[in-house]
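Q: First to last, the protein sequences are chains V and W. For the record, in the first sequence the residue sitting at position 113 is 425 according to the numbering used here, with numbers rising by one throughout. For the record, in the second sequence the residue sitting at position 42 is 101 according to the numbering used here, with numbers rising by one throughout.
In case anyone wonders, no lab produced these hints; they're calculated from the structure. Hints are not guaranteed to be accurate.
Cβ-Cβ distance ranges computed for the label pairs, FRET-style [stated by the list, open to error]:
#	chain 1	residue 1	chain 2	residue 2	range
1	V	693	W	178	30 to 36 angstroms
2	V	741	W	165	55 to 61 angstroms
3	W	134	V	789	39 to 45 angstroms
4	W	134	V	441	51 to 57 angstroms
5	W	114	V	327	49 to 55 angstroms
6	W	159	V	327	48 to 54 angstroms
20 angstroms max Cα-Cα, derived EDC-like pairs, lysine to aspartate or glutamate [claimed, not checked]:
#	chain 1	residue 1	chain 2	residue 2
7	V	413	W	73
8	W	165	W	147
9	W	187	W	109
10	W	165	W	143
11	W	106	W	178
12	W	106	W	82
13	V	413	W	104
14	V	413	W	109
15	W	106	W	134
Short, incomplete list of chain V residues facing chain W, as computed with Cβ under 8 angstroms [what the hints assert, rightly or not]:
#	residue
16	395
17	399
18	541
19	542
Glycine included, each C-beta is placed from N, C-alpha and C at the ideal position.
If you want the building blocks of each chain, they are given just below.
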Amino acid sequence: MDISPILDGFGVVLEPANLLYCLIGVIIGMLIGVLPGLGPGATIAILLPITYGIGPVSAIIMLAGIFYGAQYGGTITSVLLRLPGEASSVVTVFDGFALAKQGRAGTALGIAAIGSFVGGTVSILALTLVAPVVAGFALDFGPPEYAALGILGVLLISSVGNGNRLKAIIAACVGLLLATVGRDTFTGAERFTFGSLNLAEGIDFIPIAMGLFGLSEILYNLEERHNQVHSPAKVGNVWPSRKDLGQAKGAIGRGSLIGFVLGVLPGGGAVLSSLAAYALEKRRAKQPERFGRGAVEGVAAPETANNAAATSSFIPLLTLGIPANATMALIFGALLIQGIQPGPQLVTEHPDVFWGVINSMYIGNILLLIMSIPMVGVFVRILRVRPAILAPITVLITLLGAYTVNNSAYDIYLVIVFGVLGYLMKKFGFEPGPLVLAFVLGSMIENSSRQSLLIFGGDPAGFLTRPISGTVLALVVIVAAWPLIRKALRRKTPDRVEEKIT
Amino acid sequence: MTILVGYLPTPEGEAAVDAGLREGRLRGERVIIVNSPRRGAPVDERKISDAAGTELLRRAREAGVDAELRQPLHDDDLPGTFEELIRECGGTLIVIGLRHRSLVGKFILGSEAQRILMEASVPVLSVKAPAVRAEL
Chain V
313 MDISPILDGF GVVLEPANLL YCLIGVIIGM LIGVLPGLGP GATIAILLPI
363 TYGIGPVSAI IMLAGIFYGA QYGGTITSVL LRLPGEASSV VTVFDGFALA
413 KQGRAGTALG IAAIGSFVGG TVSILALTLV APVVAGFALD FGPPEYAALG
463 ILGVLLISSV GNGNRLKAII AACVGLLLAT VGRDTFTGAE RFTFGSLNLA
513 EGIDFIPIAM GLFGLSEILY NLEERHNQVH SPAKVGNVWP SRKDLGQAKG
563 AIGRGSLIGF VLGVLPGGGA VLSSLAAYAL EKRRAKQPER FGRGAVEGVA
613 APETANNAAA TSSFIPLLTL GIPANATMAL IFGALLIQGI QPGPQLVTEH
663 PDVFWGVINS MYIGNILLLI MSIPMVGVFV RILRVRPAIL APITVLITLL
713 GAYTVNNSAY DIYLVIVFGV LGYLMKKFGF EPGPLVLAFV LGSMIENSSR
763 QSLLIFGGDP AGFLTRPISG TVLALVVIVA AWPLIRKALR RKTPDRVEEK
813 IT
Chain W
60 MTILVGYLPT PEGEAAVDAG LREGRLRGER VIIVNSPRRG APVDERKISD
110 AAGTELLRRA REAGVDAELR QPLHDDDLPG TFEELIRECG GTLIVIGLRH
160 RSLVGKFILG SEAQRILMEA SVPVLSVKAP AVRAEL
């Protein structure tokens, strides 16, 4: 393996400007991780316009920092206030808050920070080794393979994710439909433009992301009545004892592995892996009844896993150009804005971006470890701000940002339309994630499948005869038919009882 | 019959509790210590922890007063929250601590204490923090 681009990547990261953006990213990540409601997805969406002004490497370093920084921050409120700041820290509440009630909040936070650091670092090491290999393999991919991969990606994201499968597929279809709006690149024909010049350009990714993730999340959270106010919690000694570390060691190791594997899978990501890691620890434990009453492993496992997953979900994005979850779709969009097409060529064409981003995670995790242990109290202070003050400011920033991208008021209206759409989707139980992902992948699927049809001379059987695209399409069929297969299997073994997490 | 004591973890709040407990023993009435955080933010530093609440009640027991701690949330109407408690528990007196605030400060930010003084339906006893008293 040629090591010099990796070292050059460190050179890129250690430039003062990039170090600063890394620091800004992880601090923002920590803050919004602490705040319940505003997640990393919403924050990245809101900050997308800012990335216009800075170079691609700095932009992605900052956005990545927000993403994994939020995994650290989410822990803090789970432990101290029984209030998960992020979806990926929901399981940490059980044992983290129990530990806090025993006066061991510091231990829980310390273990979580160390676990997060280990999980993140193990995952980056694996990413460093695996990503170039996958990218090298994917260099042989042509348009047919991309078309097939895109379809698999959309399907996996709508079926593996949490929530209602049918609703996710409906959302994905709407995303695919939105991707077709505008002038057709091959023939120049106008599609779904209704005679509007604005629509003829196609719908931009930024207003969709800012509306569906940013504005809709703010609207949705405003409606929530906060009927519980907590008194500020004190955090004592944050250094875990040797005994606690010994207890958590195994959980951290297994959590890193689970997180890495589940993070790579489309639709997996931080939330799923934290649940899986917690469930595994509980099943393995000699006294499972300790869980929920302050088991150190119950904090270590999910926190390690969610960080490992947050890191490893960059693999499909950076190597195949396929975002594994909604937040990765936003980073995908950010790269596109910078004129960089994520995909296997990234490692050879833009090694500074590829290795710069990966190596910035080493630095970012060290920064987070340094910040998260002694500075917990500082970050918790943001919880004193009332949503009634925070929400209007965030909306203002969102709309201003949307305007500055093209200096067009039309974009503001688009953000508002998609904000309301996203709010209604959440009200009716639709996740906006599949919609945005399908929108991002939609144009890729369409372009590459039409290119391949041109290559094949109009014969769709060509997709099946090429080995890689054929295999991927077979996987598509399996994933699509999986619920039926599972039903058939379950009928044969009726005794099996589904295990619940808690 | 009950005495309501407005309490926040500040010197003024401590002074109010001291005065409230003295008044309670004098009149032989029950004391309700009201520690009302504002609704909205997940954390309010003016809400006291359970341990601090137990400590307050211990002080009341030592003073020989029957006391209770209530922590209702308030929105924009703190006097209204007091009125509700007065109706509910038959309050006869409100005890609050006053802090110094300039005219301009009062004009811009308003003053919850002033509103309680003006709007309460029962007599209000207002006290100052010990340090302020010493200065005067």
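Q: For every hint, state whether the structure bears it out.
A: Now for the hints, and whether the structure bears them out:
no.: 1; hint: V:693 with W:178: 30 to 36 angstroms; in the structure: 32 angstroms, holds
no.: 2; hint: V:741 with W:165: 55 to 61 angstroms; in the structure: 49 angstroms, violated
no.: 3; hint: W:134 with V:789: 39 to 45 angstroms; in the structure: 56 angstroms, violated
no.: 4; hint: W:134 with V:441: 51 to 57 angstroms; in the structure: 56 angstroms, holds
no.: 5; hint: W:114 with V:327: 49 to 55 angstroms; in the structure: 54 angstroms, holds
no.: 6; hint: W:159 with V:327: 48 to 54 angstroms; in the structure: 52 angstroms, holds
no.: 7; hint: V:413 with W:73; in the structure: 27 angstroms, violated
no.: 8; hint: W:165 with W:147; in the structure: 30 angstroms, violated
no.: 9; hint: W:187 with W:109; in the structure: 25 angstroms, violated
no.: 10; hint: W:165 with W:143; in the structure: 25 angstroms, violated
no.: 11; hint: W:106 with W:178; in the structure: 24 angstroms, violated
no.: 12; hint: W:106 with W:82; in the structure: 24 angstroms, violated
no.: 13; hint: V:413 with W:104; in the structure: 19 angstroms, holds
no.: 14; hint: V:413 with W:109; in the structure: 11 angstroms, holds
no.: 15; hint: W:106 with W:134; in the structure: 14 angstroms, holds
no.: 16; hint: 395; in the structure: 6 angstroms, holds
no.: 17; hint: 399; in the structure: 16 angstroms, violated
no.: 18; hint: 541; in the structure: 4 angstroms, holds
no.: 19; hint: 542; in the structure: 5 angstroms, holds
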